[in-house]
Amino acid sequence: MPWAQALIASKSSENPDPKEGRVLSYVDALNEALALALGLDPNVIVLGQGVNDPKGMFGVTTDLHKKYGTERVFDTPLSEEGMFGVCTGAAMNGIRPVYLHNRPDFLLLAFNQIVSHASKIHYIDNGKTCVPLVAWAAIGRGWGSGAQHSQAIQGLLMGVPGLKIIMPSTPYDAKGLMLAAIADNNPVLIFEHRWCMRNKGVVPEGIYKVPIGEGVYRRKGKDLTIVGTSHSIELAIQSIDDLADNKITADVIDLRTIKPLDEKIILESIQKTGKILVVDTGWEMGGVCAEIGCLVAEKGFSYLKSPVRRMGLPDVPSPAGFTLEQFYYPNKDNFYQIIQEMVTEN
Amino acid sequence: MPWAQALIASKSSENPDPKEGRVLSYVDALNEALALALGLDPNVIVLGQGVNDPKGMFGVTTDLHKKYGTERVFDTPLSEEGMFGVCTGAAMNGIRPVYLHNRPDFLLLAFNQIVSHASKIHYIDNGKTCVPLVAWAAIGRGWGSGAQHSQAIQGLLMGVPGLKIIMPSTPYDAKGLMLAAIADNNPVLIFEHRWCMRNKGVVPEGIYKVPIGEGVYRRKGKDLTIVGTSHSIELAIQSIDDLADNKITADVIDLRTIKPLDEKIILESIQKTGKILVVDTGWEMGGVCAEIGCLVAEKGFSYLKSPVRRMGLPDVPSPAGFTLEQFYYPNKDNFYQIIQEMVTEN
Amino acid sequence: MVKVTNPKKNQSPKISKEILLGFYYDMLRIRRIEEAIESRYHEDEMKSPIHLVMGHEAISVGSCSSLNKDDLIYCGHRTHGHYLAKGGSLEGMLSELYCRANGCSGSRGGSMHLLDKSVGMGGSSAIVAGAIPIATGAALSFQLKSEDRVVLVYLGDAAVEEGACWEAINFAALKKLPIIFFCENNFYSVCSPLEMRQPPNVQIYRKAEGFGLPTVQIDGTNVLDVFECTQEAVARARKGKGPTFVEALTYRWRGHGGAGDDSASGYRDPEEVKHWEQFCPINGLYDYLITMNLYSKKDKDFAEKKIKEEIEKAFEHAISSSNPQEMDLYTHVYSQ
Amino acid sequence: MVKVTNPKKNQSPKISKEILLGFYYDMLRIRRIEEAIESRYHEDEMKSPIHLVMGHEAISVGSCSSLNKDDLIYCGHRTHGHYLAKGGSLEGMLSELYCRANGCSGSRGGSMHLLDKSVGMGGSSAIVAGAIPIATGAALSFQLKSEDRVVLVYLGDAAVEEGACWEAINFAALKKLPIIFFCENNFYSVCSPLEMRQPPNVQIYRKAEGFGLPTVQIDGTNVLDVFECTQEAVARARKGKGPTFVEALTYRWRGHGGAGDDSASGYRDPEEVKHWEQFCPINGLYDYLITMNLYSKKDKDFAEKKIKEEIEKAFEHAISSSNPQEMDLYTHVYSQ
Ligand SMILES: Cc1ncc(C[n+]2csc(CCOP(=O)(O)OP(=O)(O)O)c2C)c(N)n1
Ligand SMILES: Cc1ncc(C[n+]2csc(CCOP(=O)(O)OP(=O)(O)O)c2C)c(N)n1
Ligand SMILES: [Mg+2]
Ligand SMILES: [Mg+2]
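Protein chains in written order, with my numbering: chain A, -6 to 339; chain B, -6 to 339; chain C, 2 to 337; chain D, 2 to 337.
Check before you lean on any hint, since a few could be wrong.
As the list claims (entries may be wrong) - Covered stretches of chain A (in silico footprint by chain B; criterion: 3 or more residues with CB under 8 Å from a CB of chain B, positions within the stretch not fixed):
1. 94 to 106
2. 145 to 155
3. 229 to 235
Unchecked claim - Covered stretches of chain B, as calculated for chain D (at least 3 residues, CB under 8 Å):
4. 12 to 26
5. 61 to 70
6. 80 to 87
7. 169 to 180
To be verified - Below are the DSS-like pairs computed for lysine-lysine, each with C-alpha atoms no more than 27 Å apart in a straight line:
8. B/K292 to A/K325
9. B/K257 to A/K292
10. D/K177 to B/K48
11. D/K177 to D/K240
12. A/K59 to D/K48
13. A/K60 to D/K146
14. B/K265 to A/K298
15. A/K298 to B/K292
Rather than coming from a laboratory, the hints here were simulated on the basis of the structure.
From the three backbone atoms N, C-alpha and C, an ideal C-beta is built for every residue, glycine too.
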């Protein structure tokens, strides 16, 4: 398959998140990644509710069907479980489907196919079949998205063997990880965040790949380690930058992938700082924060100077109303407070 | 509704897990709980694939339909998502469904109804509607259950607001928690373990309730704390008893409920022992072990003398073959080893 | 372009004048409320994803008119018309859109979760087809408690693509539950036309037939047709004869969500919208009432005035109501 | 008691003698293999949940005979007959049942996941209906790559109660995919009779009709009927004319799982089993071959002997094969 060569050619991983070059919007970066994949490999298909309509899945798929045809870029019936199974069966037979959803909430309909089928077939088939499929969804927030349109469900899936889960925060990563996901021979879930999708950033042209399973330092510091992904890490960066005058600095690690998890970078940083704040866009309980917090208490215990802290969502459904949303989601003030607490702790 | 009186009458919680009295099998204890509930409250119904057939859901529902009629105890089409929604709608309108499944794996089909509907409706409806339903399933293990018939999915659901999750280990708890679940006005999931279902134990007659959200000490000791539920805690008890000659003792806490989680008892014990081993029948990663491990690192950090340890399943699907199963599931030797390590650690 | 069924305006049903005038008033009221919401939506004070129902009014009014107050309706994301037709409070609805504490769902639901249990608006789901099994469960509860009540659940043409829809329909048919599955086929799912989602030769109501339900396809722009077929279906349900599946052909005049028509974006032909606007449920009935000498221009002006006043009062009430407090976020996660 | 269709044994199809004798041999072989497994199951060495296919043999053989080697089949938990009819290795199958490292799924799958990609046994799911969308995706891949291959997916009468089945069927009809949905209606799901799960007036094949597929209901105990209707369906698929839904009426002679008949437990009438045993697919064809003078008792004895030897060799091979190692547990969680 053409991916090997194309990706070997790319130099990206040597140069994570370049500061100079062409600036692209997050959405355009994703659109470009899909276009490159469609152009490179005739077995790549892009499907999902509305991928070929004028809205083009928030612009991520806009006009792809015009260039690559409606056989390869097509709208689907509203049948999330069935269509996920269809993607799995196609992937088992040489196709590389990219199945897009407006919201992760809709993937809950497909858990039987995701958890009991797509992620397990390679194992059950004793390695004879692989399932190179990508399922993409954009986590919603605000404007009344509410309990059924703003769920960040990555925490529900982190424990599922055979899956890979990607949560980018920058346009550069969004493109490079989408290409890496399509090139990967396993089922990969990509959870974007609608608010990250507003970002612009430097995005090299052509094919490059961001390695799945490797986090990056967004900031280097001494007082504590903040680790997470997606919009949560974005907010963390802004907050720690605001605190620079208070002489507070932190290692801020953008994991970019939550499964496989980059244990090395987390433990490396905690060894230095001795303090960790784990952030996530999902519920704190039983989710990504919990896994990382436990990991540190297990493998980084001797480094820890103070309690592990987590900042995600409370054990409450997302409310629809604007005012309630303001109380529901962590904001910069919450960050300032928890970081101050952690720094003074001993 | 008749539950209040009936349950106030019961003295159970004063006397957790009695040592003397009538001995019943685990399955008969569940059957009795359902019979009592059906007898007490005309709004209770029992449904699921095969509940009124000769197999009677492993015997849990045997002959209930004969006494209480096939209107209230009935077989269902094989439509897990739809039937879960049916139970939710019935519960919203005064019925108390108990929906039984052979395996938790089948509940993956209903995640849209469980996660986005049943558990959130009370919140979305601003408290106007409640959803008093019980979904029951028996975790499979062995004899080739394999990747699709032995998944312990409690870890996937622990983060979902609005849910309660029960995992009993003794016949006494199985009956008392089933009654408590049916009496509860929220959606409650009960995950039994097929191997616990072989147990016999003392089970009082009549209605009593085991409080949801309260763990119990199965053993008291000094060297470490072992916490978990269901078959895992059973294995932990056997292992620690075997180590008595080696002068190793432990607090062994059977949580019985994983959501809501009994933080108090965990922290109380860890304060004394300073060491914790978290066990679960599910995958270690991102599951129940992770949540409890993180909780301790967060709220019990100052008590901790050594790293948090977890013992669950590796990040691998369940194999079907007998030999592979022996390597897959933790056994007493694994327990001996990890406990020895923890005791010598400092 | 979608083939339109022609509303037979010349039918003379055995429907009393009062009822006919009620149809007209209720449809007009829904239309004016939607227009008022639409006209203020750009102010960004109604921070909720609205799905306007212009073009669907005959369905809400014709079907809810066949139900008793204690019968229940359930629906999907396009709630406004059904909520209002079943008797939901306008003030509660607008407060909900304005995210006020006194909204009909306490500002937890928003536009997609308008709720008024007191009048039998049982609930809705923002997940397509999510409410169909739930409504079926409500019907099961009525049967189990032998209550003389029925359930009507509204679903879109995309909802029948979700497997759970057929799971619920099979169960309802199996148990002969007192429920009406009412499909509002407006030929689109967001911007996806029906022919991209279901085979051309297939008719939605015929699918339900195969599952063993009495089924009928009607003109959803004709309130008289909607009323009559719902009456039949409800009667069947009350007699214990089981569920009915209704497919009503209609059209969404506005974009899928938000204010205004979006056909300019190109997913549908603006001509198609014009074409359907000729089959306005409200004007259609108006012409009928006029030809039957049951109504006059004066009556209409009076109705318009009354509705206008009600709407203005309700907006003032909503706008002047107060927002929820932080503590409100944490209530009702669990029931006691 | 379930109404039986009467196999028309007097039909004279344009099927060559070789093919007819092949049908007989293949069905007999499957029967004897199942009997051998059943007779040794009590030894508890095959630690796998078996679902025996006695009574279903005509379906596996008649349908797989219409497929090319590179056509794919998928199925559910009741895999034995389909795997063998498509040409799956008997040694690989028995090694899998004995949980050996050289089992056809490396001892990861067991009885419910017999697999032989080399002969087009594409896969199975232990989750009812789980394989239906997956098989549909395989058909999509053939269409996208314009390969001249078709997919046939076996499903039970309970599988049509799962919504995903109808989601897949709608998509297959929409895209005119080269796939045959082959329903083995044996009137039971474990111990639950059809009438407790689907309304009495409903016929499974009629449901598929409503979804826009050519459908047919046939006698699943008659290998000739199965062969002919599959031939037609496969031809249609190869011509790009899209999917077909076949409902074959048959009966499971043994319990849902494990060895022996369990009707004594009371969920079905032992008389019903006896009744269906008169319609043995294998004896039925035997009588037909005898009356047509195409076969003799001697031929049969020869076949029995050959099959017996093959089975004994295969059991010896499986029993003498070695178990997996601990390291095998961790391989193939991810693909490189
Ligand atoms: C399961 C699911 N998938 C996707 C969506 C996104 N979505 C919201 S409304 C809608 C269109 C539904 O179309 P239809 O059922 O015909 O109702 P209409 O909007 O036409 O009234 C879609 C796809 C959703 N809410 N739920
Ligand atoms: C989703 C799901 N629910 C329940 C089961 C348990 N189960 C295994 S086989 C079976 C019966 C299926 O009946 P049918 O589809 O008619 O196939 P048959 O066994 O009759 O060949 C059931 C209910 C399952 N495997 N998957
Ligand atoms: Mg529509
Ligand atoms: Mg069957």
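These are the hints, each one checked on the structure:
no. : hint             : in the structure
1   : 94 to 106        : holds (count 5)
2   : 145 to 155       : holds (count 9)
3   : 229 to 235       : violated (count 0)
4   : 12 to 26         : violated (count 0)
5   : 61 to 70         : holds (count 4)
6   : 80 to 87         : violated (count 0)
7   : 169 to 180       : violated (count 0)
8   : B/K292 to A/K325 : 23 Å, holds
9   : B/K257 to A/K292 : 25 Å, holds
10  : D/K177 to B/K48  : 42 Å, violated
11  : D/K177 to D/K240 : 10 Å, holds
12  : A/K59 to D/K48   : 54 Å, violated
13  : A/K60 to D/K146  : 18 Å, holds
14  : B/K265 to A/K298 : 20 Å, holds
15  : A/K298 to B/K292 : 14 Å, holds
Consistency note: the structure conflicts with the earlier hints numbered 3, 4, 6, 7, 10 and 12.
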